[in-house]
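**Student:** First to last, the sequence lines map onto chains A and B. Each residue of the first sequence is one higher than the last, beginning at 229 in our numbering. Each residue of the second sequence is one higher than the last, beginning at 229 in our numbering.
If you're looking for bench data, these hints aren't it; they were derived computationally from the structure. C-beta: ideal position from N, C-alpha, C; glycine also. Take the hints with a grain of salt, since some may be wrong.
[Unchecked claim] Lysine-lysine pairs mimicking BS3-like chemistry, simulated, CA-CA at most 30 angstroms apart: (1) B:381 to A:336; (2) A:351 to B:403; (3) A:230 to B:355; (4) B:402 to A:377; (5) A:402 to B:403; (6) A:336 to B:355; (7) A:253 to B:351; (8) A:377 to B:377; (9) A:359 to B:342; (10) B:336 to A:351; (11) A:280 to B:299; (12) B:253 to B:306; (13) B:351 to B:402; (14) B:299 to B:311.
[Said to hold, decoys possible] The following label-pair restraints were derived from C-beta to C-beta distances: (15) B:273 to A:401: 56 to 64 angstroms; (16) B:369 to A:401: 33 to 41 angstroms; (17) A:401 to B:418: 23 to 31 angstroms; (18) A:367 to B:276: 40 to 48 angstroms; (19) B:269 to A:401: 47 to 55 angstroms; (20) A:247 to B:310: 54 to 62 angstroms; (21) A:299 to B:273: 41 to 49 angstroms; (22) B:351 to A:292: 26 to 34 angstroms; (23) B:351 to A:406: 22 to 30 angstroms; (24) A:398 to B:251: 18 to 26 angstroms; (25) A:399 to B:268: 52 to 60 angstroms; (26) B:289 to A:401: 40 to 48 angstroms; (27) B:296 to A:270: 49 to 57 angstroms; (28) B:276 to A:309: 53 to 61 angstroms.
[As the list claims (entries may be wrong)] Which bits of chain A does chain B cover? Going by a derived footprint, with three or more residues having C-beta under 8 angstroms, they are: (29) 347–353; (30) 373–385; (31) 392–406.
Protein chains: 2
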Amino acid sequence: MKVIGVTGLPGSGKSVVSRVAKNLKIPVVRMGDVIRNEAKKRNLTSGEMAVKLREEYGEFVVAERCVSTVKRLDKNRKKAKDKGSNSRPRIYMIEGIRSPYEVEIFEKNFRDFKVIAVHSTPKTRFKRVQKRNRADDSGKVSEFQRRDKRELKFGIGDVIATADYMVVNEGPAKKLKSVVRGILKNEMQNDSQS
Amino acid sequence: MKVIGVTGLPGSGKSVVSRVAKNLKIPVVRMGDVIRNEAKKRNLTSGEMAVKLREEYGEFVVAERCVSTVKRLDKNRKKAKDKGSNSRPRIYMIEGIRSPYEVEIFEKNFRDFKVIAVHSTPKTRFKRVQKRNRADDSGKVSEFQRRDKRELKFGIGDVIATADYMVVNEGPAKKLKSVVRGILKNEMQNDSQS
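Please work from the sequences and hints to get the whole structure.
**Tutor:** What follows is the structure, given as structure tokens:
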């Protein structure tokens, strides 16, 4: 089994990477969904919830929940495969890695774990975040910088700096998609060979 | 005046970026030289010295010394220009930025300050570091990882994650050189227009 993690600061283009994976039939687990679902229940913003969840259940809660989800998906897939209905390579994506501790957990649980980092300049990311209207994306520079700082405090910079793949996303989404498709196809091939 | 900072983990290819700048007649100030010169005097490794210098003179000592150097270079250049012997754009490079605090100092001192980050995968960087024989580069994985962690502790990951340019350096130096040359030429042009 192979797991590809995706990391990047807000507005860098993580979700574009997930979309490419989905199109290649790679199941995607979004760390943000764990947080967003919990936030909705408690009527908090995702940002507040990310901090709160970690305070309540420890640094590793989101990562641990994602590990369980991926293992469950893989179990189901194996069952389906035993019945002869599935022969795709066992490859999964986890979107939204924020800290080196999370990377450690994934490395401990998945023998073949790699990280793709998406980088865009702060200027480009701010423009994208402004265009979006998700509840946790404010249009102000100060809020954008505050969010960046919160992510960096989790250690996302360390995850980005030591990533196995760095994809730069300054131009149109099309270009990013084609680069990511290349990386994922290559990883899928390597997986089916092993 | 425009100043371009260069950041990247050990073995990423920072010095290739400096070499391109030098070829374009952009003066380069290497933060590592401040440390290496001091280390030689005291008979310590550069790594030990980096930590020690900051302990003795504070977080900002290396950055502050670089600011002085760049300002001195620019003064001399202006003098030369007044005498009519120099009309190149006023652009400088500082190689080896390690922490967001250093970025803050540079931003405070230089109105037009941008960061280029060089990224290579840990695997590639390790191979390069092994090939080198600088005193502070050990051939062991454990030493390589120890060095990475020391750099990340300074906050280099944050500097990389929020860089204005991200150049990926997995292939031959030739490719990196051509990308960097494009960036720098563009920056030089923008400078002479302003």
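**Student:** A separate judgement is required for each hint: does it hold in the structure or not?
**Tutor:** Hint check results:
no.: 1; hint: B:381 to A:336; verdict: 22 angstroms, holds
no.: 2; hint: A:351 to B:403; verdict: 25 angstroms, holds
no.: 3; hint: A:230 to B:355; verdict: 24 angstroms, holds
no.: 4; hint: B:402 to A:377; verdict: 35 angstroms, violated
no.: 5; hint: A:402 to B:403; verdict: 23 angstroms, holds
no.: 6; hint: A:336 to B:355; verdict: 24 angstroms, holds
no.: 7; hint: A:253 to B:351; verdict: 28 angstroms, holds
no.: 8; hint: A:377 to B:377; verdict: 20 angstroms, holds
no.: 9; hint: A:359 to B:342; verdict: 25 angstroms, holds
no.: 10; hint: B:336 to A:351; verdict: 19 angstroms, holds
no.: 11; hint: A:280 to B:299; verdict: 46 angstroms, violated
no.: 12; hint: B:253 to B:306; verdict: 15 angstroms, holds
no.: 13; hint: B:351 to B:402; verdict: 20 angstroms, holds
no.: 14; hint: B:299 to B:311; verdict: 19 angstroms, holds
no.: 15; hint: B:273 to A:401: 56 to 64 angstroms; verdict: 46 angstroms, violated
no.: 16; hint: B:369 to A:401: 33 to 41 angstroms; verdict: 37 angstroms, holds
no.: 17; hint: A:401 to B:418: 23 to 31 angstroms; verdict: 26 angstroms, holds
no.: 18; hint: A:367 to B:276: 40 to 48 angstroms; verdict: 47 angstroms, holds
no.: 19; hint: B:269 to A:401: 47 to 55 angstroms; verdict: 52 angstroms, holds
no.: 20; hint: A:247 to B:310: 54 to 62 angstroms; verdict: 57 angstroms, holds
no.: 21; hint: A:299 to B:273: 41 to 49 angstroms; verdict: 44 angstroms, holds
no.: 22; hint: B:351 to A:292: 26 to 34 angstroms; verdict: 27 angstroms, holds
no.: 23; hint: B:351 to A:406: 22 to 30 angstroms; verdict: 24 angstroms, holds
no.: 24; hint: A:398 to B:251: 18 to 26 angstroms; verdict: 25 angstroms, holds
no.: 25; hint: A:399 to B:268: 52 to 60 angstroms; verdict: 45 angstroms, violated
no.: 26; hint: B:289 to A:401: 40 to 48 angstroms; verdict: 43 angstroms, holds
no.: 27; hint: B:296 to A:270: 49 to 57 angstroms; verdict: 52 angstroms, holds
no.: 28; hint: B:276 to A:309: 53 to 61 angstroms; verdict: 54 angstroms, holds
no.: 29; hint: 347–353; verdict: holds (count 4)
no.: 30; hint: 373–385; verdict: holds (count 5)
no.: 31; hint: 392–406; verdict: holds (count 4)
Comparing the model with each earlier hint shows violations of hints 4, 11, 15 and 25; every other hint is respected.
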